[in-house]
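Q: If you read the sequence shown in full-length UniProt numbering, its first letter stands for residue 1, the second for the next number, and so on.
Hint data in this document are derived by calculation from the structure and do not stem from the laboratory. All C-beta atoms, glycine included, are put in the ideal place defined by N, C-alpha and C.
In the SDA-like style, the derived pairs of lysine to any residue whose C-alpha atoms are separated by at most 25 Å in a straight line are:
| # | residue 1 | residue 2 |
| --- | --- | --- |
| 1 | Lys221 | Pro80 |
| 2 | Lys245 | Pro104 |
| 3 | Lys221 | Ala82 |
| 4 | Lys63 | Ala35 |
| 5 | Lys178 | Lys191 |
| 6 | Lys165 | Phe219 |
Derived Cβ-Cβ restraints for the label pairs, each shown as a range:
| # | residue 1 | residue 2 | range |
| --- | --- | --- | --- |
| 7 | Asp70 | Ser100 | 37 to 45 Å |
| 8 | His33 | Asp70 | 13 to 21 Å |
| 9 | His33 | Gly175 | 46 to 54 Å |
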Amino acid sequence: MNSSDPGEEGAARESRGIQSIEVGGQLLLALAHLARPTPLKDLAAEAGMNAAKAHPYLVSFGKLGLIQQDPATGYYGLGPLALQLGLISLQQVDPIRLASAELPALARTIGQTVGIAIWGNRGPTFVRLEEGPTAVHVNMRHGTVVSLRETASGKLFAAFMPREKVLDALSLEAGAPKQRLDPRFEAEVRKVREQRFASIVDGTVKGVSAISAPVFDGFGKMVLALTAIGPSAALSADPASKAAKELVRCADAISAKLGALPAAASA
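Construct all of the structure, not just a fragment, from the sequences and the given hints.
A: Put into structure tokens, the structure is as follows:
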């Protein structure tokens with residue numbers, strides 16, 4: 001009589017995979033990690049196998065369109081099917097939903113209020129807020145449009161959004177005709193772009209500071225700003241602070257889920 005648990009048998013069937021697919025999949029992971037066309041020897045080494053073992057997998061992946069070989073160089077890169085799958089995946093992923101799921105844990109870790117800002121019709125607009133354990137008294141709610149010049153989120157968008165959109169929003173904010181960026185703000189924006197991080201101390205509200213990190217999609221476009229807001233005495237604006245590092249780590253993790261390359265690679 002067989003006394004095995006049917007539930008355990010079902011779990012075993014679900015967890016059982018096809019080893020050859022898993023082995024070959026290491027080559028696809030290696031191509032994604034290298035992020036450039038690669039010769040067979042280097043690609044195989046990155047996947048932890050020799051070239052003779054890797055080649056048959058690449059032939060099969062080529063027939064499916066997952067990889068393709070450059071006839072001139074012999075290098076291997078991702079094929080048209082891989083690109084199509086990637087584009088479909090990007091279309092199905094909602095950046096706001098992904099980021100919203102991270103807010104409660106991020107607020108607890110940083111110990112401050114955190115939020116999500118996107119680019120709206122009038123500029124940077126907060127669409128999600130998660131209060132932290134430390135109270136902060138600011139007039140902020142869902143739908144609040146913030147200043148490009150006087151907020152961390154605003155500076156971040158000024159650094160990464162198309163210039164014409166930034167100038168239009170600045171004109172709307174100032175209630176004046178569209179003008180070029182003044183040299184001082186241009187320098188601030190350039191620094192923010194280089195650091196991929198923005199901060200402000202005693203900005204629109206005295207005694208309140210904010211730090212902000214960008215989230216990018218697979219096309220390299222900034223889709224939202226992840227921002228922490230708190231008392232200046234408790235929230236450091238230093239990019240090397242624990243709160244800033246945690247904010248950037250979370251933003252980078254969301255970007256990776258959206259298909260973005262790591263900061264060093266995309267730079």
